[in-house]
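Order-wise, the sequence lines are chains D and S.
Using the working numbering, the first residue of the first sequence is number 1, and each one after it goes up by one.
Using the working numbering, the first residue of the second sequence is number 1, and each one after it goes up by one.
Hints listed in this document are in silico derivations from the structure and should not be mistaken for laboratory results.
Be careful, since some hints might not be right.
Note that the list lumps identical chains together, so a pair holds whenever it fits in one copy or between two copies.
As the list claims (entries may be wrong) - Derived SDA-like pairs: lysine to any residue, alpha-carbon spacing no greater than 20 Å straight-line:
1) Lys228 <-> Lys305
2) Lys369 <-> Gly52
3) Lys460 <-> Glu89
4) Lys142 <-> Asp191
5) Lys63 <-> Glu579
6) Lys228 <-> Asn302
7) Lys427 <-> Phe12
8) Lys603 <-> Ala513
9) Lys369 <-> Asn393
10) Lys600 <-> Arg558
11) Lys603 <-> Asp510
12) Lys298 <-> Leu84
13) Lys600 <-> Glu512
14) Lys333 <-> Gln377
15) Lys333 <-> Asp462
16) Lys499 <-> Ile103
Just so we're clear, the structure is a prediction, and the values are computed from it rather than from any experiment.
Number of protein chains: 2
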Amino acid sequence: MPIIDLSPIQLFLEELLCELKTIPGGQVADYIPELTRSKPEWLGIVIATVDGHIYQVGDSREKFTIQSISKAITYGLALEDVGLESVLEKVGVEPSGEAFNSISLEQDSGRPMNPMINAGAIATTGIIKHTEGSSRMDRILKKFSDFTGNQIGIDEKVYLSEKETGHRNRAIAHLLYGYGILDREPEDILDLYFRQCSILVNARDLAVMGATLANDGVNPITNVPALKSQYVEKVLSVMTTCGMYDFSGGWIFNVGMPAKSGVGGGIMAVLPGQFGLGVFSPPLDEKGNSLRGIEACKRISNYFKLHLFNVAKSVSASSVRFHDNGKNIRSRKNRSPQQRNILNQQGQRIFLYELQGELMFGASESISKQIFTNIEQFDFVIFEMKRVFNVDNAAILIFAKMANKLVSLGKSVFFTQASHNYQFSKKIKHYFQQPDPSRLFQFVDTDRALEFCEDQIIAKMDQSLIAKPGRKTIADQVLCTGLTDTDLKTLESLAENVKFPPGQTIFNTDDEASSMFFILAGEIEITIATKEKHVLRLGTLSAGQCFGEMSLVNGLNRSANIVSTAYTECLEIPFDTLEGALLTKILINLASHLAEKLNKDTKLLQDAY
Amino acid sequence: MPIIDLSPIQLFLEELLCELKTIPGGQVADYIPELTRSKPEWLGIVIATVDGHIYQVGDSREKFTIQSISKAITYGLALEDVGLESVLEKVGVEPSGEAFNSISLEQDSGRPMNPMINAGAIATTGIIKHTEGSSRMDRILKKFSDFTGNQIGIDEKVYLSEKETGHRNRAIAHLLYGYGILDREPEDILDLYFRQCSILVNARDLAVMGATLANDGVNPITNVPALKSQYVEKVLSVMTTCGMYDFSGGWIFNVGMPAKSGVGGGIMAVLPGQFGLGVFSPPLDEKGNSLRGIEACKRISNYFKLHLFNVAKSVSASSVRFHDNGKNIRSRKNRSPQQRNILNQQGQRIFLYELQGELMFGASESISKQIFTNIEQFDFVIFEMKRVFNVDNAAILIFAKMANKLVSLGKSVFFTQASHNYQFSKKIKHYFQQPDPSRLFQFVDTDRALEFCEDQIIAKMDQSLIAKPGRKTIADQVLCTGLTDTDLKTLESLAENVKFPPGQTIFNTDDEASSMFFILAGEIEITIATKEKHVLRLGTLSAGQCFGEMSLVNGLNRSANIVSTAYTECLEIPFDTLEGALLTKILINLASHLAEKLNKDTKLLQDAY
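Model the full assembly from the supplied sequences, consistent with the hints where possible.
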């Protein structure tokens, strides 16, 4: 037994196949002699997901003619060829409530009711263009092969049989020509139509075609774009209202997926965003749909509760993982007591929203409501996008509109850690009408955005407080508390004075460690690479603070990256020069210093988990 | 200007209102005299979200008669009253392709084609039951008031006018009575029907009714369950195929939401899972739908790209945030070199999947595919559910089936940190057929699950290796490295011997700190509460290790919770008894010890961010 047969979906399909085989009834199509050669016991069921996985049971490789299922694909090609308006002039989109071969034309215009009945499908085929080097038939075959991912062939016998016996379709075509819906000789268009209906497919092909529609028009197996995105919803719409002939209403009621059937015994169904379903069983019910095919789709939909409208609940409430303001949430920048005091007073002017999951209309609307209800309360708003894995079109529009409005009201808006969501970043920029680089930001890191906002608030209260700390001596260093003048002189004599321009990497994670650094002037930044390959900023350090000191006690390689963010001057102290009472004093200072660091990390962990 | 008017949705609706006011045409319904009193310039648009937010512009409070929109709600009540099968015996679900007042009955049975045309709606109203104490009309009014969240009234004049002039409906009712579709005197049923059509609503009521259908049948303003969940998809299905009379196909094609219109000028539309839309504008087009109402819905759908089938892409690929095996991912339990050696050899027998977002059919299918493809590679599989905020029915079914299959194959399955998702936990249990407590687990914490799996692997290789470490003396303590015998004796004399039973809390975060603990025997667990109120296990400590030592250097309160997990014996050393050279030696040991702790935290942070 192949291992994959253990999958719950595969197992379900195997069981379903056995159950369906016992269902009697139906009649193999016999309106053209060639079709009667199909064996009534053939039964194949295939699910193809938008991730490109395929589950198949039964006669899934047995070939048959596509018949009316072709109508949906050719309709897509016609939309691409001449656009929505021109297609609608020739074919409507209303269900006729009548059988597939009814001549449902609008009274005055002669326009067929919809492209899923024969009249509408012939009109649709009449729209298809040829190009230099590609005949109309070549282009139709090419489109089908983009959808299935295979070379496409035609059953010549069925084609000739249809061509010989298709009197009713010939009558329809002449009526359409009379009304001017067809604009050239019907015989050529009918020939295309008969060939298109005689295309050979199997249940697997139908599933992949369905999955291509489910996947916004891109074939999930080959990644070939088979239909332009804007027409996918149109094809699915006519399948929904007209795809199953005069059983379309019952189909949506019971199965709840857009679908199209053919008298060859095939059904192609689509659950948008999820999968395509292909079923093949030749015996038809009295409405011309595959009897066991319909039953298969019903049972799959009911068992897995896949009805289009079975939307259990809104998830918008969960889209805000966390929100708070800058009084409680601080950047990891070290702040002086005066600075902290200002942030205690004014920090609430910074709003922070951590968003998560898939943002859709509902979620964005709800966030926008909160934002504008509290518009008087903040000057800065940070949206952290790190945990957002999808943003739909409605959400992008609402966020862009909101950002525009906020900036026009003098607020600053930040979208942080959005870089993994390229589509979002690009679209926000596209919709952002009055770019004001001082007010709309896409910082890499939430912490940097927080620091920036805090600096603005502090500067507004007291410009002098955001000046970088002045130069410090060795006596001011955090690890030198309690050292005597002699100790300090000794230490200074052991150290080397080193300088780094802004942007210089001082060391990286896993570098060997043989010294530590006391900062005399300037500023450095500590970062680590996370499991998800983001850069996490652990903090910044300025004059009076030290880095690289951990290796003194653990003898291990560097555990973080250090980059200077200003002209930075340090005392570099080689570990092997330290000894005796001086080393002891430094180690004792180091113990309190590390305890403080540990407390900061615990806070970070509490935020993260 | 009220602050909420700044919202992008509110702004869009304001602009839309202005645009629509300039659109001419349409005819206020005049088939009953009372309706002609509506002012053609009235225009109200309301969006009600499933979160209970309401956006309204224009004449959103103007009352009008609900007319045919009532058909959808009464259909829901009929389904609740007698069930799906009995309703389907009386009314079909196929679009008629004809006008609202057509007498579209099936030829032999006389069954109306669908419940959205007058014939079907009269048949539906005929189904409604009365109960002791509640007349049929009481029950209909109660149902409508559950949907709107308001007391419901009737426009008596319109009702009387309909009753007096409704000759065509009276004819339909008698036909239905003749066919046996109505099982009692038509006049009483017609009276109910005329009253039901004369219910007074405003655009806001329609939006809330739509939002109730969008919210799986629960009114999002009052939280009252208005329609049983299993019937919501049925009502939405008939609205989709038949809701807009003979414009239903064009409606789905252009707007792409289930909807129902009424000749009073109202339209109720639904975007499942997201919102309800109510529009009111009396002038009708030639198909009997509100002319500007349709235009409003089209523009809202197109602008925000809300078409039902506008599913940008599958998100299933993002549902696995991370996956790896126990060779690379370890529990935070301290392991001996021999234990580590075994895990280096055998750790890959543990699979860990961190899942995220909303799990649907596609995502679950894809994970199940991976699992079964690699079935030979693992004995343990851990699914961390912490970042999963929704699991739909299809996904629960697939996970439950997969868990059953895995357990039957001798694998152990863990769903960790799933406690926030009560629905998931409950359903997994429900679907789990052969409960085997030794193989299916819902541990609170991923780390505990990892530790459990590691213990199993180690025990299989060498049972003796998972014995707890034996008793340690003071000389074996991590902070006592390099202490002389005299030092050790002094320290022992300062300490108190303390014992804790399993499960005892030794201290909690923020407790005051005046001592530290050296473990002589037993085991304790260190945890912190995270921002999201989960408990994060930082690790376990056993004999020879210490806790509470950080406060010695930072003088702060406790920064974590400590609970004994076995009979535990410690030396408790009061901080204020330590001094001189002994203190110095301990502080130096503490510095290396803290550096090691910091390195562990950095690893945790790298995992988390």
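Okay, the hints, checked on the actual structure:
1. Only between protomers do Lys228 and Lys305 lie at most 20 Å apart by alpha-carbon distance; the minimum there is 16 Å, versus 29 Å within a single protomer.
2. For the identical chains of this complex, Lys369 and Gly52 are inter-copy neighbours only, at 11 Å across copies versus 39 Å inside a copy, given an alpha-carbon limit of 20 Å.
3. For the homomeric pair Lys460 and Glu89, neither the shortest alpha-carbon distance inside one copy (63 Å) nor that between copies (74 Å) is at most 20 Å.
4. In this assembly of identical chains, Lys142 and Asp191 lie within 20 Å of each other by CA distance solely inside one copy; the values are 17 Å within and 60 Å between copies.
5. For the homomeric pair Lys63 and Glu579, neither the shortest alpha-carbon distance inside one copy (84 Å) nor that between copies (89 Å) is at most 20 Å.
6. In this homomeric assembly, Lys228 and Asn302 come within 20 Å of each other (Cα to Cα) only across copies, at 17 Å, whereas the closest approach inside a single copy is 31 Å.
7. Taking the shortest alpha-carbon separations for Lys427 and Phe12, only the inter-copy value of 19 Å comes in at or below 20 Å, while the best intra-copy value is 42 Å.
8. Taking identical chains as interchangeable, the C-alpha atoms of Lys603 and Ala513 lie at most 20 Å apart only when they sit on different chains, with a minimum of 19 Å there against 27 Å within one chain.
9. With identical chains, the CA atoms of Lys369 and Asn393 are at most 20 Å apart within one copy only, with a shortest distance of 18 Å there and 30 Å across copies.
10. Both within a single protomer and between protomers do Lys600 and Arg558 lie at most 20 Å apart by alpha-carbon distance, with minima of 19 Å and 13 Å respectively.
11. Taking the shortest Cα distances, Lys603 and Asp510 sit within 20 Å of each other only across copies (13 Å), while inside one copy they are farther apart (25 Å).
12. With identical chains, the CA atoms of Lys298 and Leu84 are at most 20 Å apart between copies only, with a shortest distance of 15 Å across copies and 32 Å within one.
13. In this assembly of identical chains, the alpha carbons of Lys600 and Glu512 lie at most 20 Å apart only when taken from different copies (18 Å versus 25 Å within one copy).
14. Taking identical chains as interchangeable, the C-alpha atoms of Lys333 and Gln377 are never at most 20 Å apart, the minima being 24 Å within one chain and 46 Å between chains.
15. Taking identical chains as interchangeable, the C-alpha atoms of Lys333 and Asp462 lie at most 20 Å apart only when both belong to the same chain, with a minimum of 18 Å there against 49 Å between chains.
16. Within a single copy, Lys499 and Ile103 get their C-alpha atoms no closer than 87 Å, and across copies no closer than 91 Å, so neither meets the 20 Å cut-off.
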